[in-house]
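With the sequences and hints as input, model every part of the structure.
Line by line, the protein sequences give chains P and Z. Each step along the first sequence adds one to the number in the working numbering, with nothing skipped, and position 117 is 117. Here the working numbering runs 1000 ahead of the position in the second sequence, where the first position is 1.
Think of the hints as simulated: they come from the structure by calculation, not from any bench. Heads up, a few of these hints could be off.
One side only, chain Z facing chain P, incomplete, derived with CB under 10 Å [said to hold, decoys possible]: (1) Y1112; (2) I1113; (3) L1178.
Positions of the beta carbon are idealized from the N, C-alpha and C atoms, including for glycine.
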Amino acid sequence: MRSFYILKQAIYNIWSARIPVIIAIITIGISLSVLVGISEIAYKVYSTVEDIRKEFEIDIFLKPETSSFQREIIERKLNNIHQIKSYKFISKEDAAQIFFEEFGENIFDILTDNPLPSSYKIKLYGEMTHVEIVDNVANRINKINGIDEIKYHNDLLTLMEKYFLIIMIIGGSIIFVLLLAMNIFIRNTIKLSVYSRRRQIFILQLLGSGKIFLKSPFIIEGLFEGLIGGLFAATILYFLHNIANETAIYLFNYNLKNVDYLWSISIAVGGIIGVFASSTSVNKFIRIFAKNDY
Amino acid sequence: MIKFSNVSVDYPYSEGLTDVNVEFKDKEFTLVLGPTGSGKSTLLRLIYMDIYPSSGRVDVQKWSSKKITARKIKKLRRNIGIVFQDFRLIENLSVFENVALPLIINGYSRKYIKRKVEAILDEIGLLDSIRQKAGTLSKGEEQRVAIARAVVKNPFVILADEPTGNLDPDSSITVFNLLRKINKLGTAVIMATHDYLLIKDAPNRKILMDNGKILKKQEIEKNA
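Now the structure itself:
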């Protein structure tokens, strides 16, 4: 009976304040679609950066006179550098083969001797692939006897880290502002609902009503706004994704990945924001509006 | 039992209460008389702990104004029925829902609530209006619904603050008789009123208040 009453009051609240509720839902829907869209872009950038990091390699070229004994010492020293995940030895013959695969010409057809040096391709652990760490590892490798030259694309890493940081800061700021905006709109409708029902709340308090009984209809109202806002955002995202997909097919003959999970995320995020905003504000508004004798 | 011990209430802009000592026994019907602003409502508000004494203490059954917490106030109010001059019904709810509210708050089952509310509405002659919205009733009917809401939870006392203040003479008599009937069934009633005509022949205990004080017997006789 309590649940039935609470639900009925929540529906009554929503119906009584339908215009502010609709405005809140539209705002939440638009904000959530932008928020989820930005989160998706940020995630894609993050994944790409992580992929680049995973594939990042340091090439170390050995001096021509390096003996197999010296190689053993080099490998032992490489094993001692804990940032190194793996390394692969490329012999002069392997290098010639790679040259053939990449350029389609046999090096021995051009030159009488194989000038390509033996080398190691070194991979670091993903979390270690940062400019400063890579420089540090390269310096340590450089001190090993028998190393002729070290090559790695630190400029790419620098550029990637710089833009990744900028994207994360801008994306994070936009997400923060949107979360704040959604919170404000939900709180505003809860404020209106509490204000319009202040007399009823006061009466319920006189009858000995507990906090949960008083607050629940407003929290359900917040949840409703969040979920419907999330559903609205999911619809916007669905159409935007379709447009983006058609454009990608037309321009690049590329089919975008399915993003069904984004819709459930936007509905879930909407619901969470709705419950959070309403439950944190309802106490305050009850205290402000329903403390007097009406 | 309700006991006021040296209770004073200070209001910044109006008369409160000054050194009130009074007891209300269980199952007793007490009429608190006095002009507007004499402190009748303050006396009742102290009982349901809507306000606290500035000095002294109020003991209501096992609860004391000195020690009571917000959680215990809810429990106290679940054992008290309150009736106001302006009825304080929730207009968008039906008569049934208004009367059922204290039971819903206490978490009773749907079956029990239905049986109990229907029985009380039958008793006060409003069973036919059970589905009607409270806002559509006449004032006399509204006050009867308010009394039904106060009684439905089997309180040990009903506090009625000017329950006939907004009613015509016929409805006032109906409401007063209803409260007396409830009292006869074992519930204490404390009724604040300035309607001397209505209660002049009532054989109940009368307390006269003026300027925040309870007048002594000789003063009552002098004022009468």
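Would you check whether Z/Y1112 satisfies its interface hint, that is, whether its CB is within less than 10 Å of any CB in chain P? OK, holds: Z/Y1112 within 10 Å of chain P, min 9 Å.
Z/L1178 was flagged as interface toward chain P. Is the shortest Cβ-Cβ separation under 10 Å? Nearest chain P Cβ about 19 Å off; hint violated.
Classify the hint on Z/I1113 as holds or violated, based on whether any CB of chain P lies nearer than 10 Å to its CB. holds, 6 Å
Checked against the numbered hints listed earlier, the structure breaks hint 3 alone; every other hint is satisfied.
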